[in-house]
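Asks: Taking the hints into account, I'd like the entire structure generated from these sequences.
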Amino acid sequence: MHNHEIKVEHVGKAFQARSGTIDALDDVSLHVADQEFVALIGPSGCGKSTLLRILAGLTRATSGDARLGEEVIDAPHPQIGMVFQGYASFPWLTVLENTLFGPDLQGIDREESEPIARDILKRVGLTKFVDVYPTQLSGGMQQRVAIARTLANKPDVLLMDEPFGALDALTRVDMQELILRLWQEERKTVVFVTHDIDEAIYLADRIVVLAPHPGRLHEICEVDLPRPRTMDTIEEPRFIELRAHLRRTLFGMKTPAAET
Amino acid sequence: MVKGTARSTDRVTSRRSMGERVSQCFQPHEAIPQQLSLALKFTLFGILLIAWWLATTMDWIQPLFVPAPGSVLDTAVRLFTEEQLFADLGISVYRVAIGFGLAALIGTPVGVLMGTFRVTRSLLEPVLAFIRYMPATAFISLLILWMGVGDTQKFAVIFIGTFFHYTLLIMNVTVNIPLHYIESAHTLGASTRQIVTRVVWPASKPGIVDNLRIILGWAWTYIVVAEMVAADNGIGYAILRASRFLDTETIFVGILSIGLVGIASDYAFHRLSHWLFPYIKRERET
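Residue numbers (the numbering used here), protein chains in the order written: chain A, 1 to 260; chain B, 1001 to 1286.
If a hint is listed, it holds; no wrong ones were tucked in.
Here's a subset of chain A near chain B, in silico, CB distances under 10 Å, partners left out:
| hint | residue |
| --- | --- |
| 1 | R53 |
| 2 | L58 |
| 3 | A75 |
| 4 | P76 |
| 5 | V83 |
| 6 | Q85 |
| 7 | Y87 |
| 8 | P91 |
| 9 | L93 |
| 10 | G102 |
| 11 | D104 |
| 12 | L105 |
| 13 | T135 |
| 14 | T150 |
On the chain B side, residues computed to face chain A include the following (Cβ under 7 Å):
| hint | residue |
| --- | --- |
| 15 | H1180 |
| 16 | E1183 |
| 17 | S1184 |
| 18 | H1186 |
| 19 | T1187 |
| 20 | L1188 |
| 21 | G1189 |
| 22 | A1190 |
| 23 | Q1194 |
| 24 | P1202 |
| 25 | Y1279 |
| 26 | K1281 |
To be clear, the hints were calculated from the coordinates, so they are not data collected in a lab.
Using N, Cα and C, we set each Cβ at its ideal position, and we do this for glycine too.
Replies: Set out below in structure tokens:
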């Protein structure tokens, strides 16, 4: 079965805090088509990371549900991979061992999994660092390890939670190109959380804008820029138009959208 | 590192670079030249030794209270070769090894489980925290009543003195593992059991070795006290017996030899940690 569509149906999420209940998400519905690249964007407090964690099965929705195909996501799912914001690669394992972590858990023979892992490491540009520990690598390289580790599990859906938030501008561009290339090579359904408008336009097919307090769907913006996109895409009139529109949308929200 | 060329420059600049070098050595956490680090490590030892030697040869202090370094050294040679201080030290090492070994063997898995699962933590933490405040020395008389004055009682004193603190420290190490590690393992398909064995355990190991090293020092305090209260051998007993004869030299030798064993074990743990955890960045170490 190849239905890697994500359906978010009336999802609400409330947290219990000392001051009372906080509504992180309120009645969010969203469909992400198979092989589609969707970016989630919004000011802090809009629940974009919470929504992603629900899709990853790390948190449960208080109301409504999220599904992969017809299957309700209520725990981490083998077909859903996630790349975290920080450097979550394991420091005690080498780059190759990190990449083999998922296949090892499933008891896949190294003879089978290692060539695949090495191939993935080649594709993310880590061939030279296969036997190095992540702590010896730069931030961008460490995030490549995290991506390789997630891809080695062959997920059909890739969730990314501000994966390049901690990187400098130049490395960030490198990583965005890497993600686009990987996605072009091997189409997956991607949900990408970011607070960077340019990043969202450059990468996504559709941009989902969330509004804060409570986190709710504000707008869905089609990115009708042709692919493959290159660095020149950023200078196209349509790109600039979309950027201006999204800026107005985000800054127009009542809370100070300091992050963007 | 200071470049070798600084030496050949003229006086003015070399003086300035000297000042720069000094200020460079007081940058927080900044690395200092290796020779300097080595020299510093021995400097205070040297100063203390000279002060000790001066105080005794100048007769500022009576040998009954502080014997001369030379006579302490002579006594050490005699005690270790002709008499049985070596055996006494060996017995104490053995007692520490068993008593603390047992505490570590039980405390490590218990601490890791407490740090991982709320259930184990809620069950055990109050009791451990309560007993932790009872000084192990207060248990000595009770333990003699229960177990006599043999090795078992010594193991028990060390165990009580170290187990509760150690376990809580290990719990802390485990609690502080970045949540990212656990969550990413989860999304990669790890079961709870795999998270414990493949993430929590390896992530905790460096902290465990660190705490073993620190708590081992406590074990030495407890064994000496226990041997002074009731024993017929061991380094604590040797010190106690010497004090009855006002044999200050032997007391000094006893105390100093424990210090040497401590330094040796510290160094061993240091090497062990380098060998086990080659991935840890050690920029802050000298």
